[in-house]
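Asker: Each chain is listed here by its residues.
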Amino acid sequence: SQAVARYAVRLGDDSLILSHRLSEWVSRAPELEEDVALGNIALDLLGHARSFLSYAGLAWGKTEDDLAYFREEEEFRSLHLVEQPNGHFGVTIARQLMVSIYQDLLYAGLTGSTDNTLAAISAKASKEVAYHRDHAVQWTLRLGLGTEESARRMRHALEILWPYVNELFLDEPLHDELGDAGVRPSALKAAWEREIAAVLEEAGLEVPQTRAALCKGRQGEHSEHLGYILAEMQVLARKHPGATW
Amino acid sequence: SQAVARYAVRLGDDSLILSHRLSEWVSRAPELEEDVALGNIALDLLGHARSFLSYAGLAWGKTEDDLAYFREEEEFRSLHLVEQPNGHFGVTIARQLMVSIYQDLLYAGLTGSTDNTLAAISAKASKEVAYHRDHAVQWTLRLGLGTEESARRMRHALEILWPYVNELFLDEPLHDELGDAGVRPSALKAAWEREIAAVLEEAGLEVPQTRAALCKGRQGEHSEHLGYILAEMQVLARKHPGATW
Amino acid sequence: QAGLERFNALIAEDSRIEPRDWMPEAYRKTLTRQISQHAHSEIIGMQPEANWITRAPSLKRKAILIAKVQDEAGHGLYLYSAAETLGTPREVLNEQLLSGKAKYSSIFNYPALSWADMGAIGWLVDGAAIANQVPLCRASYGPYGRAMVRICKEESFHQRQGFEILLELAHGTEAQKRMAQDAINRFYEPALMMFGPPDGDSPNSQQSMEWKIKRFSNDELRQRFVGMIAEQVKVLGLTLPDPELRFDEEAGRWVHKDLDWDEFKAVIAGNGPCNAQRLERRREAHENGAWVREAAAAYAAKKAQKAQVA
Amino acid sequence: QAGLERFNALIAEDSRIEPRDWMPEAYRKTLTRQISQHAHSEIIGMQPEANWITRAPSLKRKAILIAKVQDEAGHGLYLYSAAETLGTPREVLNEQLLSGKAKYSSIFNYPALSWADMGAIGWLVDGAAIANQVPLCRASYGPYGRAMVRICKEESFHQRQGFEILLELAHGTEAQKRMAQDAINRFYEPALMMFGPPDGDSPNSQQSMEWKIKRFSNDELRQRFVGMIAEQVKVLGLTLPDPELRFDEEAGRWVHKDLDWDEFKAVIAGNGPCNAQRLERRREAHENGAWVREAAAAYAAKKAQKAQVA
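Chains as they are written, first to last, in my numbering: chain C, 1 to 245; chain U, 1001 to 1245; chain Y, 2001 to 2310; chain D, 3001 to 3310.
For the record, the hints were derived by calculation from the structure and aren't laboratory data.
Hints should not be assumed to be uniformly reliable.
Here are the simulated lysine-lysine pairs, PhoX-like style, with alpha carbons at most 25 Å apart [what the hints assert, rightly or not]: (1) Lys239(C) / Lys62(C); (2) Lys239(C) / Lys1239(U); (3) Lys2257(Y) / Lys216(C); (4) Lys1216(U) / Lys239(C); (5) Lys3060(D) / Lys127(C); (6) Lys2060(Y) / Lys1062(U); (7) Lys3177(D) / Lys1216(U); (8) Lys3103(D) / Lys1216(U); (9) Lys189(C) / Lys127(C); (10) Lys3177(D) / Lys239(C); (11) Lys216(C) / Lys1239(U); (12) Lys239(C) / Lys1062(U); (13) Lys3177(D) / Lys3234(D); (14) Lys189(C) / Lys216(C); (15) Lys3060(D) / Lys62(C); (16) Lys1127(U) / Lys2060(Y); (17) Lys62(C) / Lys124(C); (18) Lys3060(D) / Lys239(C); (19) Lys2212(Y) / Lys2153(Y); (20) Lys2101(Y) / Lys2265(Y); (21) Lys3029(D) / Lys3101(D); (22) Lys62(C) / Lys1239(U); (23) Lys3177(D) / Lys3060(D); (24) Lys2103(Y) / Lys2265(Y); (25) Lys3257(D) / Lys1216(U); (26) Lys3153(D) / Lys3212(D); (27) Lys216(C) / Lys2265(Y); (28) Lys2060(Y) / Lys1124(U); (29) Lys124(C) / Lys3060(D); (30) Lys1124(U) / Lys1189(U); (31) Lys3101(D) / Lys3265(D); (32) Lys1216(U) / Lys3265(D); (33) Lys1062(U) / Lys1124(U); (34) Lys216(C) / Lys2177(Y); (35) Lys2212(Y) / Lys2103(Y); (36) Lys1239(U) / Lys2060(Y); (37) Lys216(C) / Lys2103(Y); (38) Lys1239(U) / Lys2177(Y); (39) Lys2103(Y) / Lys2029(Y); (40) Lys1127(U) / Lys1189(U).
In this text the structure is predicted, and so the values were computed from the model without any measurement.
All chains, please: the whole structure from these sequences, using the hints.
Answerer: Structural data, given as structure tokens:
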């Protein structure tokens, strides 16, 4: 249905943009093992994005590439959180922690979707996201409990990203339309807060008190970063409209 | 003539790309006075670029915007040095020092060009570049003689940029065609080396020994950075072909 | 209390208070807060526009935009100087900004999402700023009033440039028109809110009026501004997103729709889409520049010492 | 010298030398240099390809490219492990890379200027690497030979993917065809030079042959490779930039144009278009990551201590 397709675009865009951000790390990570790990996560997320966007595209006769490369900024539906710049490694880890706990809960829920395709994609994604979550948790512990410097950086990372967390849990009229095909974002909030609080506590870090930012990524009003991401991501494809690769 | 137009493109592209890099600093400079100063230099360079590109365009019935926004990467003729990333403030200053000493000598020479338009643009640019040169020299002294940290950073900045200096002085067959309408790059080398050595000595810094990189910017083979610069610079104009702004 | 009497006399006769004159502490404090907030706004206000410099769609527009953002840095510098004449050094003011203690104009906590926003910011945001600031040219504190004269001149220029951007878009392709209308839709309400809360809800205004810092009430300025743009938008062939907007002949004033003051308060309190980003960018610039400022200071000290020895 | 006799016997019978076996110092040194250079090449080789990940023109190609670059990081990791079995720890090898003391394959000092370079690098660069490496699967040192088996398998996969990129471009639009031909023109000579200097000018080769690290001479491998790509380029419908290329029936070998060995030496010596950039990027990543590695080490130490106490 149209509603499911619109929903799949949201899921796909989050993963596509976060994958883009993570892939910026490749060949720049703090150690080779992290070039491999961040590349792996970027690849998984890209896979999820492709599945969701391909599925969404069926509703409009579009391919995954039509949706990734030939939509305008205001047609994207990504969350501001996934658009945020990589910053230092701690910022990237904090973002991963937030997103992967969220996706872990989300895909667990969607595995029971009444839409079989969404359920199937989510079931597969769920396994991979559990690994992403574990990776982020391990690094949060290392950075939180490692050195004074790393704890300071991690606290700062959490603070500057916290404003974008609120948007993860905003319901839209779309979720009413979806019924049991989707998962209501607000329904994930309590579990997410519980889980992240537990991780942060174990890491000797605190839940930040920074205020929530008014974000409208789901309505197509994005952070100022997305335009730059798309300029880069789409530049080659758009120079050769109609070409195949 | 065609030769003069091709030459003007080289002059214009160097200033256009360096202006782009400097404008990336705006609202990010170490102090407000530098937001103003770097913005000023970016604006001057943009002015020079517009004059040179407008003039070049006459030969082909193109406007400055046609040349800036609708050429492909391999059609640009900028030097690798001006394409290098801003890095920290010291890298930007080192690049400015190198380029503004170069342009100072170049425009002084071109003021005597047998091509009246090139001579007139250069005469005007010459005055502004003298200020850029002074700005870069003053900061080189401050950073070279300021703190240990600043001297270390400045040394490193000079070292990583030095490989791209060689390209500034490469003659092309074009310069034979130009005769006294242009200035032979190799003719500027000795004076440039003398001047920069004097500044570096006063700043307690050494002329780096880093090896020259084989650069072919003048033939359209650019650094890996230029593609990113153009993706950003041209994105909006290209989305609306034929539009006026 | 010869000082107070002289102060009151100067205010009464519409003369100017100068830095060396005696002034009440509350006057000093109010002015310091107002001038430094204004300075901070210029500095933070550079960010949404800097966001479009590298992507400006023509070289001419790019040059105009760079020059504009530079003017803003310049305004920030004058205003910090004016504030310093009241006794608070720039570093302290800057610290107040970075720590989130000082405010700046809330409008800059909205993102600049398209090129048309460069037009809307110039036309509406600078327009509202000018409407606020023109009366400040006669502000009782000398250095502030004089700074405002210069700033207002440049701002008018910026406003015209913003209008020109929109005019060009409005006469352009369908996509350009849509872009322009969308920018106006997003900036209309926030621009009207730049005049501050409704008069009934603006506790500091009365005292500022008495001190002749402020000359007109928030609502008075707002309705005057909305009338102006209501006329100008016709030239653009676009619309303001306000079906209730009309001139009330009887009251002799413009009437506009109710504004969402809850959002206004939330954005001021820190919940705007870009509050965190704007402050973080400023902090980052400040921290990344620390070694540069230290080097400059060390170099200046060495040079001074050398001059003394010689 | 029972050790030396046993070593020579193992070499003679084409058996493998293992880490605990006695080996001549020169053998150890040569192998450490060769394996670590190979590892460094994998690591530096990530950069030209990483340069196109965010701009890959389709999601499928993007996924393939990320996976490829990741494989390279993986190869780097195996190879460092293999080198470590010879007694030099990874940090030391890394230090040699960052200080510019150790070399890596000179081909990565050329820029990746277009998407077609992802094809040319896969087809020509990985192709030449494989031609070099397949014989190394039988290298006398066990851990190296075994690492090469795994690496060669993955590299063949990469080469095929590179060829596919070019094939798609060659059957695409005129602009795509031009892009593909241009990439081949730029990478042809540097790829041929990957086999090292002509046999007459390759001083270390003889000893390596005797030790059964190397199995074929540089020129032998080169002409074999050029013959292979001369056939493959026909499938692409493109050309190699070498008018002299032909099969010499009499000699039974491929003949190609003279290569510019001056440029080769200059690039090895540090004058390539990207030498400075590649090393600086690596240094930057290493320095920016220092606090992360320190944190991880401190955390591990704390955890170990806790485990001991418990």
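Asker: Go through the numbered hints given earlier and state which of them the structure violates, listing their numbers in rising order.
Answerer: none
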